[in-house]
Structure formats: structure tokens, C-alpha cells
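Enquirer: Since the structure of chain Z is already known, use the hints to place chain H on it.
Below, each chain spelled out in residue letters.
There are 2 protein chains.
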Amino acid sequence: MTTKLVKNALGRLVPTEINGKKQIPFQGVGKYRPDYRKYNPQVVTCADFPTGNKLIVDLKAALVNAGLKDGMTISTHHHFRNGDLLAVEIFRIASELGIKNLIWFPSASFPCHAKIIDYMENGTVHHIEGSMNGPLGRYCSEGKMKGVGVLRSHGGRYQAVQDGEVQIDIAVIAAPTADPFGNANGLTGPSACGLLGFALADSQYAHKVIVATDNLIDFPCIPWQIQGNYVDYVVKMDKIGEPEKIVSGTTRITKSPDRLLIAELTTQLCQEASLIKNGFSFQAGAGGTSLAIAYYFEQIMREKNIKARFARGGSNQYLVKMLEEGLVDYLLDGQTFDLEGVRSMRENPRHVDTSPFTSYNYHGKGNFASLVDIVILGATEVDIHFNANVNTHSDGYLLHGIGGWQNCLFSKTVILPIPLFRDRIPVIRDEVTTITGPGELIDVIVTERGIAINPRRKDLLDALKDSSLPIKTIEELKNEAEKICGIPEKPKLSDEIVAIIKWVDGTVIDAVRRVIPLTRTSPRRGRRNQKS
Amino acid sequence: MTTKLVKNALGRLVPTEINGKKQIPFQGVGKYRPDYRKYNPQVVTCADFPTGNKLIVDLKAALVNAGLKDGMTISTHHHFRNGDLLAVEIFRIASELGIKNLIWFPSASFPCHAKIIDYMENGTVHHIEGSMNGPLGRYCSEGKMKGVGVLRSHGGRYQAVQDGEVQIDIAVIAAPTADPFGNANGLTGPSACGLLGFALADSQYAHKVIVATDNLIDFPCIPWQIQGNYVDYVVKMDKIGEPEKIVSGTTRITKSPDRLLIAELTTQLCQEASLIKNGFSFQAGAGGTSLAIAYYFEQIMREKNIKARFARGGSNQYLVKMLEEGLVDYLLDGQTFDLEGVRSMRENPRHVDTSPFTSYNYHGKGNFASLVDIVILGATEVDIHFNANVNTHSDGYLLHGIGGWQNCLFSKTVILPIPLFRDRIPVIRDEVTTITGPGELIDVIVTERGIAINPRRKDLLDALKDSSLPIKTIEELKNEAEKICGIPEKPKLSDEIVAIIKWVDGTVIDAVRRVIPLTRTSPRRGRRNQKS
Numbered sequence: 001m002t003t004k005l006v007k008n009a010l011g012r013l014v015p016t017e018i019n020g021k022k023q024i025p026f027q028g029v030g031k032y033r034p035d036y037r038k039y040n041p042q043v044v045t046c047a048d049f050p051t052g053n054k055l056i057v058d059l060k061a062a063l064v065n066a067g068l069k070d071g072m073t074i075s076t077h078h079h080f081r082n083g084d085l086l087a088v089e090i091f092r093i094a095s096e097l098g099i100k101n102l103i104w105f106p107s108a109s110f111p112c113h114a115k116i117i118d119y120m121e122n123g124t125v126h127h128i129e130g131s132m133n134g135p136l137g138r139y140c141s142e143g144k145m146k147g148v149g150v151l152r153s154h155g156g157r158y159q160a161v162q163d164g165e166v167q168i169d170i171a172v173i174a175a176p177t178a179d180p181f182g183n184a185n186g187l188t189g190p191s192a193c194g195l196l197g198f199a200l201a202d203s204q205y206a207h208k209v210i211v212a213t214d215n216l217i218d219f220p221c222i223p224w225q226i227q228g229n230y231v232d233y234v235v236k237m238d239k240i241g242e243p244e245k246i247v248s249g250t251t252r253i254t255k256s257p258d259r260l261l262i263a264e265l266t267t268q269l270c271q272e273a274s275l276i277k278n279g280f281s282f283q284a285g286a287g288g289t290s291l292a293i294a295y296y297f298e299q300i301m302r303e304k305n306i307k308a309r310f311a312r313g314g315s316n317q318y319l320v321k322m323l324e325e326g327l328v329d330y331l332l333d334g335q336t337f338d339l340e341g342v343r344s345m346r347e348n349p350r351h352v353d354t355s356p357f358t359s360y361n362y363h364g365k366g367n368f369a370s371l372v373d374i375v376i377l378g379a380t381e382v383d384i385h386f387n388a389n390v391n392t393h394s395d396g397y398l399l400h401g402i403g404g405w406q407n408c409l410f411s412k413t414v415i416l417p418i419p420l421f422r423d424r425i426p427v428i429r430d431e432v433t434t435i436t437g438p439g440e441l442i443d444v445i446v447t448e449r450g451i452a453i454n455p456r457r458k459d460l461l462d463a464l465k466d467s468s469l470p471i472k473t474i475e476e477l478k479n480e481a482e483k484i485c486g487i488p489e490k491p492k493l494s495d496e497i498v499a500i501i502k503w504v505d506g507t508v509i510d511a512v513r514r515v516i517p518l519t520r521t522s523p524r525r526g527r528r529n530q531k532s
Numbered sequence: 001m002t003t004k005l006v007k008n009a010l011g012r013l014v015p016t017e018i019n020g021k022k023q024i025p026f027q028g029v030g031k032y033r034p035d036y037r038k039y040n041p042q043v044v045t046c047a048d049f050p051t052g053n054k055l056i057v058d059l060k061a062a063l064v065n066a067g068l069k070d071g072m073t074i075s076t077h078h079h080f081r082n083g084d085l086l087a088v089e090i091f092r093i094a095s096e097l098g099i100k101n102l103i104w105f106p107s108a109s110f111p112c113h114a115k116i117i118d119y120m121e122n123g124t125v126h127h128i129e130g131s132m133n134g135p136l137g138r139y140c141s142e143g144k145m146k147g148v149g150v151l152r153s154h155g156g157r158y159q160a161v162q163d164g165e166v167q168i169d170i171a172v173i174a175a176p177t178a179d180p181f182g183n184a185n186g187l188t189g190p191s192a193c194g195l196l197g198f199a200l201a202d203s204q205y206a207h208k209v210i211v212a213t214d215n216l217i218d219f220p221c222i223p224w225q226i227q228g229n230y231v232d233y234v235v236k237m238d239k240i241g242e243p244e245k246i247v248s249g250t251t252r253i254t255k256s257p258d259r260l261l262i263a264e265l266t267t268q269l270c271q272e273a274s275l276i277k278n279g280f281s282f283q284a285g286a287g288g289t290s291l292a293i294a295y296y297f298e299q300i301m302r303e304k305n306i307k308a309r310f311a312r313g314g315s316n317q318y319l320v321k322m323l324e325e326g327l328v329d330y331l332l333d334g335q336t337f338d339l340e341g342v343r344s345m346r347e348n349p350r351h352v353d354t355s356p357f358t359s360y361n362y363h364g365k366g367n368f369a370s371l372v373d374i375v376i377l378g379a380t381e382v383d384i385h386f387n388a389n390v391n392t393h394s395d396g397y398l399l400h401g402i403g404g405w406q407n408c409l410f411s412k413t414v415i416l417p418i419p420l421f422r423d424r425i426p427v428i429r430d431e432v433t434t435i436t437g438p439g440e441l442i443d444v445i446v447t448e449r450g451i452a453i454n455p456r457r458k459d460l461l462d463a464l465k466d467s468s469l470p471i472k473t474i475e476e477l478k479n480e481a482e483k484i485c486g487i488p489e490k491p492k493l494s495d496e497i498v499a500i501i502k503w504v505d506g507t508v509i510d511a512v513r514r515v516i517p518l519t520r521t522s523p524r525r526g527r528r529n530q531k532s
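Chains Z and H, in that order, are what the protein sequence lines are. According to the numbering used here, the first sequence is numbered sequentially starting from 1. According to the numbering used here, the second sequence is numbered sequentially starting from 1.
With the rest of the complex left out, here is chain Z (with noise of 0.2 Å):
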């Protein structure tokens, strides 16, 4: 990396320029201001679509017919998760063709593509533009990706999309459901996986769109989550993804001890601070310590009969059982996370599919991150500034996407539910390995030994003063840490850039190096946080 490095708004040294485009340093939150108009796509027209029939025998021949050639860029969503069967098709097929230097800009990827490194190695593929989950984000942080890796949040994915900081030549949108007018939604058939929000992007701005489906059905196809006026190519294929596969990572309500303490505790400051109330909203993820602070808000609004007006998802099936029982009055889903989320999106209309362009994108008039109340979130590390990382670990490896947690800091009320330490690695530092979002966003940090509250909230602080709550300061907290573990060696990296995190307005909040890895089988730290 011969690039220029500067110091960005919160001290992180991050390059000038990647993959040959110019990146803007993060100013702070709110600061940058867009001074240009978004990206805009070459008029098409009806004359080379006048039957509306846009069925073509297979993959191949639609990559084909939209162009496929050296240095493309091809998107894919990740709605199936670790059950996509698509994305490694796509980058089979062009290494087939001989195809070049590729850029794969997914929504996120996971360990089910791992294949795709072979396709990096045999240079069909240049780099990754997007979320890496596991293997690909290990592959990533030892160097190995001809190009720097470019993580974004759902929303800064849309965002980037539609300033056109990345111009997209061909989508492939999985698609459960469609008509051969390129209508598509992921409701029903075989593979339903609930909705399409990820390539909604991908639909309106890609230069060519593919569909490919396991279920064909007549037009109209309803309701089109992915509108066929955008669609180039209709691909019948026997398989497009694993439903069942959509479940990954933990779904199910922690057993620990430590991290139900973490959840009440949570639960007992946020009814504290009244922020359980009539028509509230919240959003929880599906962690273990998540969907136990679920389960807790559940028991509190059933037993002071209290309404939310709105739940986000990812849903899941406790927040589904809460929307039946008309304990909220709409669940406002991005993903759904298990199939009954699936189930009560195709039956309930209280239950909306949403896009990261309605919930998410920073470059819009307002989004709906904005209008929730609480929101609880996960962290791999937390500073003394409350600066959050969610994409490496204290060993310096990229193994976790943004997903949409940089978007969600704009809620009302930020919590982090974290463990003191994991594997004996204190999670609060002096400095985290890589900054994913500003401190000043996040609002509350939860450890079973003790409540930060960011001196920022002097309203959260106020009301809490007379609380029963182990609220302490962060640094008390680290001190805490420390005490026990010791003080956390800092990970061995290189100079060397491999991946850049951008803000969610495309600015660069920081840069992630290449891990040199230690000699000995060092042992995997931490647990996985569910964001992507």
C-alpha cells in the first residue's frame, strides 16, 4: 500500500485512496455533507422489451447476454444466509468463461461461500466489496484478496449504491418467488426466505438484472418486493437456496448465567429510565442476550399492559409470537432470522417487509433507524469513549460484518449487552482494534459487573441516579477487567491495508491491517455476534 494515510475525526489513520477510487476521511457524525447528485442509470426502453417475457434458458446465458466481461462488478443479496446457493454459481460460471477480475459486492457473505476463495486464487475474483463472515473474512485480514476489502452497513451498501461510489454491472437477485416479467418477492415457494429488501439497491441502479428462481409462476407475482420494470433477464433454475440454512447462528435464548444477569440488568434500565412505555418501539436482534432482553420486555408489557407501537426485526419467532398477541402493533422486518418469521411476514400484514432504503440509508430524507426507541446491540469491543468495534476480533481478524448496527446508533436510546471479557480478553480497552462506530452515538454499555452510561446522556444519568443499578464508569469498568485478566496484549498487524470500514455516509471511519499470525495454533477468541 503506497496510499496517502490521514487522520480521520476520531485520530484513525485511513487511506486517501482505494481499490484506485478517492475515500473521504470520517468528519464525525452528521459533518459531511454530500455535495452532488445520485447515481443515475441509462434510460432503457419498452422497445427492447415488448412481449414482457424475460425468461432466458439459464444462468450462464443471461450473465452472458448482460455482458459478462473482465472487471465487473456483480451483486448478490444475502437473505438465505449461510444458505445461499447462488452467489458460488455466479463466480463458477465465469470462471468457466474465463472471466477476470471480478468484484463480488454482496450484502454480506458467509461461510457457504468460502468456495469463492478458490475463484480469488484463480483471479476470477478480484476483491470483495461487502460484509465477510468467517473464512472469507479471515482470507481477507491474512492478506490474500488482490483488492482492499470495502465493508459497509446495510444502509451505507444502499447509500453507496445510490451515489454511485459503486456502480453495479449485473445483479443476480435470489429470488423464491417470480413471473417471467421479472416480478419477485421471497414469500413463497420452496425456498421462501422471507423477503428481498437486500437487493432493492441492486434492482433500481444495476446496470442489468437477473432474477433466477425456483418457483415460475404466472404474472402477476404478489406482491413484487423486487419490481419487474427493473428486470433484464428471468432465469428457472431447480434450487436458488436452503431456507432452512437461514437460521445461523443463535436463535435460541441464552443459558448463561452471566449473560441473563447482562439481560436483566438491561431490562431493569430500561424500565428505570421509562423508556418501557405505551408505544414504544425497539429493536433486538437475535443474539442469545438479545432475545433474552426480549423475552424479559415481553414479560414486563404483558404484565403492566403495555403496547409497542413497533418492533424491528430481524424477526424471529419471539418477536412473531409478540406481534400475534397484539403486543406490538407492527414488526418492521429487514431479515427474517427462522422460518416462523418467514411464515407471519407471508400471512400478517402487521408484519412489513422493509428495505435498508426505508430503514437504513443515511443519504435519504430521515430513515426509520432514527424513530426507534431502544435499541440493543452487540460489540467484539467498546472503548474508554465508547467507541464500538463489531468486525474484528482483539486478535485483529475480520470475521463479522456491519450488518445494520452503524445504522441502528441512531436510535433513540443505544444499548450494548456485552461480557466483561471473553476468553479471558477484556472486551472495554484503552483503544479497540478497529473503530466500526463513533462513541458518541452509543449511549449505554451493560456487563454483568457493572453499567456505563455515556456522560453524553446526562438525561439516562439523571434518571438513573437514584437506581439501585451498578452504574459505574468505564474506565471503573475497565479497571475491572484488567484486574481479573490482565492488561490485553495488542494484536500483531502490518501496515498493511486489507479492508476499509466505511461510515454511513461513505466516509472512511477506519482502515482494518493485515494480521501477521502467530506461529503457534493460536486459540479462537470471542464468540460470534449475529449483525449481517
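Heads up, a few of these hints could be off.
The list makes no distinction among identical chains, and a pair is therefore deemed to hold if it is satisfied within one copy or across any two copies.
[Unchecked claim] List of simulated lysine-lysine pairs, DSBU-like, C-alpha gap at most 30 Å:
hint, residue 1, residue 2
1, Lys31, Lys69
2, Lys277, Lys236
3, Lys236, Lys307
4, Lys277, Lys21
5, Lys412, Lys236
6, Lys307, Lys255
7, Lys458, Lys21
8, Lys21, Lys38
9, Lys69, Lys38
10, Lys22, Lys38
11, Lys490, Lys304
12, Lys21, Lys465
13, Lys321, Lys458
14, Lys321, Lys100
15, Lys465, Lys144
16, Lys483, Lys7
17, Lys146, Lys236
Don't read these hints as lab results, they were simulated from the structure.
Expert: For chain H alone, coordinates are given in the frame of chain Z:
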């Protein structure tokens, strides 16, 4: 008018510049290829919408904050049809503020908008770009408007906005229900009008978007037919429209024996040509003859156990009944023509709201209109080349908009059931006063005295060669009319161009000349078609 005139592909003399903007003459169906990019609005930021609450005290404050100034383009939608209360109010405020030379860009205008003539007289409004039904059309026809009128189809309006031909400065969207974020729909509330599809382009592309509602509810307003992410201001008003007046024009089955005969002949033709079959689709419209045809279709479908896959609205009680009885799987509806349509769209997930983008935009990757098997349309005049006019009467007066009429011409079989003469004026002429649609797209003319099939439709002629139907050439029909009524006089028109008629691709298919009013009171000719 000193602008240069050129002959377009239909031999009509059209201007190369209108209102200071270059114009492209019609080049033939599917011949004009756009070689430019979509309009790209300025990128905005959530930093300017931190709370997501966009309520502002009143419409005047919203207009002032949106930067209302001389010469701006202001858009409104017409889902209230003749019951709209908002457009006049906007220009009343603008007039009060001393603003001049606004361009009003409605999706259609109605007699309820006659007051806007006062605002054209006092200089507040410069001209109207949009369908002008009734008094505003008359005002324009007589050359009293400062600028030249530009008439577009519903699809052409979307195309013009998407392509940047019309740049909307401020869109004001009357919304029967909305939340403070700006999410809005037409389904519920005291002024429910069904849907808001005609305002879709406005929301997506206007610089500033104001939602005005008389039914403000808590976030989230579900469904969001208009997405709050596009909205700048939300205004609570006492009353935005009179939904009982969306029932404008004929919404009852005709009782005229001639028209019933036309409807019978049309139905018989469709049946003999095997167009009414399982899985077929149709769009009939709301005139008395069209309703009779829909009624006859229903009888056949019931009798022969035939189900349509979909019917297209404008919806009305008859289509709703067919949907509810399972004779059609889906009703794909662009506007509700009566309150039964509104109710059905609110209650029935198979009654689906569409937009000019999905249904009609010619600069997309196909649209729904081309998927419809049978479309029934009206016309004020047809010429011997099957070119048809829906805008002007034979006296030259511009009294109707285009509506979806041009867009529907792309359906598989286009049938115009029309009387052979109206008030003793023949409808089939050597030349129509105005060409709204090219004859190559019009397949069948059905009159009470015979049926003319376009010679281009050899398949239809073959299918009907042994038919007992009174199939004649269009010249024979014309001669028959002239034998009864005499050869009609041409209207008295000046050279001055008062309006242009855009084709679906933004080219100019015809120009409308100023009418030289007769000195004696001339009888009104013909009757209204329902197209907007």
C-alpha cells in the same frame, strides 16, 4: 409562435421547441432510442432530518420552507379526480404570496380546478403541463394560457419526470392517511381515495416533497404507498378532498340501444377470436359502453367457467364484484373510479395498487400494459389509417386528457368501441383533428353499423373470416357515416399552437392549434370519454 415546425413520422407538423425547451418529433412506434441517463436528484442527508418528524404548521409554511419562488414547477396528483381541494389552495397561497409564473404539473386536471384560470389571469400560474379536462382545456384552446400546454399520458408523465424532461421543484401530495415521517396511503381516513400511484414519480424525483393529510396517524402508516424517505414536510389539514367526487363521468352501464349493440359486437368479436379464455387479461375502463362490455365478459366467463388471470383498473363496483366472485385472480389497479374500488383495495390483497411506473412507463424494462390481452378504449375521432384522437373534439376544442390511453395501446389487442357518429358528426374521418395514438397500434374499431379490423392484424382477420359479424373496411364505415351525416366540416383553427401531445417516449406526436370561436353559439359536440 415563431418556433420551427417539422413533419413527424405521422406527417403532422409539430414544433421543435416549446416553452423554451427543445422537442423531438415522433419518429414511429419504438423508433426513438433514448441515449441519456435518468434524472438524478441531489443527494440529501439524514443529518437534516434527525428526528424523522416532518410536521410543519400549515401548507403555507411548507411551501415557503420548500423555497417556493417565481417560475417553479409545482406538481399535484388527481386521485380525487373532481373532488380535489388541494391544487386550488396551493395557487391561492402562491397568489397571496405574490409568486408569479408557476408551472402547474398535475397528473390531470378537472372542472373542480376551474378557479386556477383566475391564477393564470393574475400571473400566478404561467401554464399547465398535464391533461386538461373541461374548462381549463377550453381556456387553453382559446389561446389564453401564457405558455403552451404539454399533454402526456400517465406513463409519459412518469417518463418525463424520470428522464428529467420535467423537473419538479415542489410536489404536494394529498394523502388520505399519513404519519409524521411522511409515509402515506390512500386507503384509509375520511378522504380515502384508494391509492397514490400518480404521485409516485413526484415523490421520487421532486426537489421538495410536501405530504398534506387530513388523517395524521402515529408512525408507521402501513402500507406506505408513498415512502416517507422521500418526504420533506408533512402538513395536517382539515380536508384534502371530497372522495365522493372521484365518481366523475359515467360509471353506470349504458342504456342506449346503440351502445349496447356496440358492446355486444365487441364481446362477440372477442369470443369468436378466442380472446376470452382461461388465464386471459383485460382492461375496460369506466365509460357506459366499457362497463357493458365488462358485464358481457362476466356473463361469458361465468357460463363457460373461464377465469381471467388479471383485470386492470381503474376499478369500479363491477370489477370488484368479478374479483370477489373469483372470476379474476387479481385486479391490478391504477386508480379507483368509485368507493367500492377504494373499499376493495383496502380490504382485498388481490386488489393491488399499481403506479404509472409499473404499468405504463415506456422508458423502463417493459411495463404491465404490454401484458394485457384485451384493452377497450374510447376515441373522439378515428381516421382511415386507424390513427385516433382522444384529446380534441371535432370542433378543435381540447377537452380531454390522455390518461393511460396511449400506454394501453401496447396491449395485445386494442379495441375501440365507438359510435359511428355523435350529434350527426361522423367519428371516422379522412384525418383526425389531433392524433393521440398511431393507427398501427389500434386493432379494431367497433361501431353500431359495423366493425373494422386493422389490415395489419391478419391473424384477427383470419380468425374471423367466417364470422357473421358485420366486418367491413374502415373506408366502408366512413362512407356509411358520411352518407347519413354528410362530409363533416373541418374545425376553424389558427396556426397558433396552444398545446402539444407527447407520445409515450417523450417525442411530439401532434400539436393542438388555437380554436377560432364561432360568432354564433355553437352546439357542443360529442360526449365525454373517461380516460384520466
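Enquirer: Determine for every hint whether it applies to the structure shown.
Expert: Hints, one by one, checked against the model:
{"no.": "1", "hint": "Lys31 to Lys69", "verdict": "between (39 Å within a copy, 29 Å between copies)"}
{"no.": "2", "hint": "Lys277 to Lys236", "verdict": "between (48 Å within a copy, 26 Å between copies)"}
{"no.": "3", "hint": "Lys236 to Lys307", "verdict": "between (44 Å within a copy, 26 Å between copies)"}
{"no.": "4", "hint": "Lys277 to Lys21", "verdict": "neither (47 Å within a copy, 57 Å between copies)"}
{"no.": "5", "hint": "Lys412 to Lys236", "verdict": "between (44 Å within a copy, 25 Å between copies)"}
{"no.": "6", "hint": "Lys307 to Lys255", "verdict": "within (27 Å within a copy, 55 Å between copies)"}
{"no.": "7", "hint": "Lys458 to Lys21", "verdict": "neither (41 Å within a copy, 57 Å between copies)"}
{"no.": "8", "hint": "Lys21 to Lys38", "verdict": "both (17 Å within a copy, 24 Å between copies)"}
{"no.": "9", "hint": "Lys69 to Lys38", "verdict": "both (25 Å within a copy, 24 Å between copies)"}
{"no.": "10", "hint": "Lys22 to Lys38", "verdict": "both (17 Å within a copy, 25 Å between copies)"}
{"no.": "11", "hint": "Lys490 to Lys304", "verdict": "neither (47 Å within a copy, 79 Å between copies)"}
{"no.": "12", "hint": "Lys21 to Lys465", "verdict": "neither (49 Å within a copy, 66 Å between copies)"}
{"no.": "13", "hint": "Lys321 to Lys458", "verdict": "neither (35 Å within a copy, 60 Å between copies)"}
{"no.": "14", "hint": "Lys321 to Lys100", "verdict": "neither (48 Å within a copy, 57 Å between copies)"}
{"no.": "15", "hint": "Lys465 to Lys144", "verdict": "neither (51 Å within a copy, 72 Å between copies)"}
{"no.": "16", "hint": "Lys483 to Lys7", "verdict": "neither (32 Å within a copy, 88 Å between copies)"}
{"no.": "17", "hint": "Lys146 to Lys236", "verdict": "neither (33 Å within a copy, 55 Å between copies)"}
When each numbered hint is compared with the structure, violations occur for hints 4, 7, 11, 12, 13, 14, 15, 16, 17.
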